[in-house]
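Construct the complete structure from the given sequences, taking the supplied hints into account.
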Amino acid sequence: MLDATLIFYVAAVGLILIGIAGIVLSAHLVRVIFGIVLLEAGANLLLLLATYREGAAAPIFVKGAFPAVMADPVPQALVLTAIVIGVGILALTLSLALRVHRAYGTLDIREIRQRMEQDIADAAGIDMPTSSEAPAPVYAHEDGRS
Amino acid sequence: MNHVVLLVALPLLTAFLLPVINRVSHLAGRWAGPAVLLLTSAIGILLWGDLGNGPVAIELGGFRPPLGITIYVDQLALLLALAVTMGTLLLWPGGGEDRLRQSTLALLLAGAGSGLALSGDLFNIYVFYELVAVVCYGLIASRGTPAAFAATLRYLIISSVGAALALAGIALVYQATGTLNLAQLAQLAPEKLNNIQGLVAFVLLLVGFGVKAELFPVNAWVPEVYATASGQVSALLAGIVSKLALVIIVRLLILVFQQPEAHMVMLVLGILGVVSGELAAWRARDLRRMLAFSSIGQLGVMFIAFSIPGPAGVFAGLAVALHHMIVKPALFLLAAQWGGGTRQLAGAARVSPLGAGLFVLLALSLIGVPPLPGFWAKLLVLVSLSEQAQTLYYLAAGVILAGAALEANYLFRVASRFYYARPGQVPPAAPRGADLATASLLGAGLLASVFLMTPLAAQVEAIALQAADAGQYVATVNPEALP
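Protein sequence lines correspond, in order, to chains A and B.
Sequential numbering from 1312 applies to the first sequence in my numbering.
Sequential numbering from 232 applies to the second sequence in my numbering.
Hints are not guaranteed to be accurate.
[Claimed, not checked] Once the Cα atoms are required to be at most 20 Å apart in a straight line, the calculated SDA-like pairs of lysine to any residue come out as:
1) B:LYS423 / B:LEU486
2) B:LYS423 / A:THR1362
3) B:LYS423 / B:GLY409
4) B:LYS423 / B:GLY702
5) B:LYS423 / A:TYR1363
6) B:LYS423 / B:GLN406
7) B:LYS423 / A:ASP1383
8) B:LYS423 / A:LEU1360
Hints in this document: simulated from the structure, not taken from any laboratory.
Right, here's the structure in full:
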């Protein structure tokens, strides 16, 4: 019984770690967004597991039936809320990504950042930091993608 | 006292009705938002008098905690709810061509921010936090420039990661205790969360909610967003939204996570925030990003102050937070027109003597020059730090002093440019009238507080003592035992 729950705990923590790795390591915006989705799924699973009980009945009272073990409805309600919030924010993220792609013509987050820094510097009327003052800029075409 | 719910409900309701109201009458659509915020501000101020008998807990719908949702009103919560309501009114962003959408977002910010301040339940806090986050994305992106969209997207990614981590932290808390009601958590925490699981949960919640409070490792969004958003939105985010997130963390620290390791984590992150923020601000070459980085440093000072255990730390942190809440919005309003490179600000004093004078006054207070309020706030932090017999706290005090020296250097560098213009150099544009008026109002408040320092300090200390009293929180909410 413990083992079954343990697998789910490992899965939840694994999803969280895969999500964080995807966000940190990917340069492609869509992969970063996938990373966020996985991270959220891991967090949701962790919340569901918080009070998971083996073989528990759904917490609905039916006339004449008195189940010995009932699942805790609170985390389920919470996860439902979290999923809804997550989907809403995912839609917002994708629409923003679309706007950024339309403006900059790229989904490479390093290039997006570079273009944004350039825009900010132009708006402020200052030069971009040069290599003597800041790490050299990373351009996307260095690794063959654009 | 039940009327306090109106601070949350009225702005939210008006926000969703606004498109309909606007269709019926453009005039009503224009003024409905400010009018409602004026009304809720008045309600909040009237309720302040009722708090004399101590904090009040409201059970929504009459359900007792832990099953019902608790609204907890103490002076700190009401003060923050008032700050977000009045701040949104003062910095009303619904002026431009995109009026309807901006007004809706501003109303949502006031409602959700008040809800965040008043919530006595961890999951409610999460929901309101996410609502505030979505509103912030909308407000930042509303500039419509490609850079604003890119900055919003990068902020959204960091903030989503933070929210997911906070949710994982909530899962750990629920797993250990079986409740999310803060009062009940305060009862159960010494027994069930005083372990490594509790510490992990705190770190997850700290990093998660810390995104908006500009906490050290999750604040990469700050310079980008403040450089691309409008002056009012930057002022709202830096001045008020960051304090909302900060106070949530402080509440959790006071009520639930009392172990010394939790305080140490926050102290270390605060020190790193001051060091990184002040150094980056010192190197910044445009005013907006300078102010953004300096805001990271100031938030770091607050994290350091709140990490001091006991009421003294809450008092000191609250003083710095309230001071920052007045000074930073005013500075960002001045930077709305003067946000460019600091070199181009030469001769600004000739274009707008009032604006330049205000900047110098606010900068002096931010650095901590007596007798301005910023000095007393920093002094409080340093005195409380020196009373802690631990090396790390002494280090923090040294870092804060060094940060003040850096602040003086870079802020005076800007201020001196205002007053020296080489011949032939084109002076910058003057600040807009509305921005200048709001900044003057905040500056006047700052000056007035110099003369009212004694009663003000007593009031802030009373708020801090009430907020730091976990026993009173539990007694007020009085949750039933778990079934």
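Mind checking the alpha carbons of LYS423 of chain B and GLY409 of chain B for me, to see if they're no more than 20 Å apart? Holds. LYS423 of chain B to GLY409 of chain B sits at ~10 Å (cutoff 20 Å).
Given the proposed pairing of LYS423 of chain B with TYR1363 of chain A, does the C-alpha separation stay at or below 20 Å? holds, 18 Å
Next pair to validate is LYS423 of chain B with GLY702 of chain B; report whether the Cα-Cα distance is within 20 Å. With a Cα-Cα distance of about 17 Å, the restraint between LYS423 of chain B and GLY702 of chain B holds, given a limit of 20 Å.
Does LEU1360 of chain A sit within 20 Å of LYS423 of chain B, going by the straight-line distance between their CA atoms? holds, 18 Å
Is the Cα-Cα distance between LYS423 of chain B and LEU486 of chain B 20 Å or less? Answer holds: LYS423 of chain B to LEU486 of chain B is near 13 Å, not above 20 Å.
Is the Cα-Cα distance between LYS423 of chain B and THR1362 of chain A 20 Å or less? holds, 15 Å
Hint check: LYS423 of chain B vs ASP1383 of chain A, CA-CA at most 20 Å. Holds or violated? holds, 19 Å
Holds or violated: LYS423 of chain B and GLN406 of chain B, Cα atoms, limit 20 Å. It holds: about 10 Å lies between the C-alpha atoms, which stays within 20 Å.
When the structure is compared with the earlier hints, no violation turns up for any of them.
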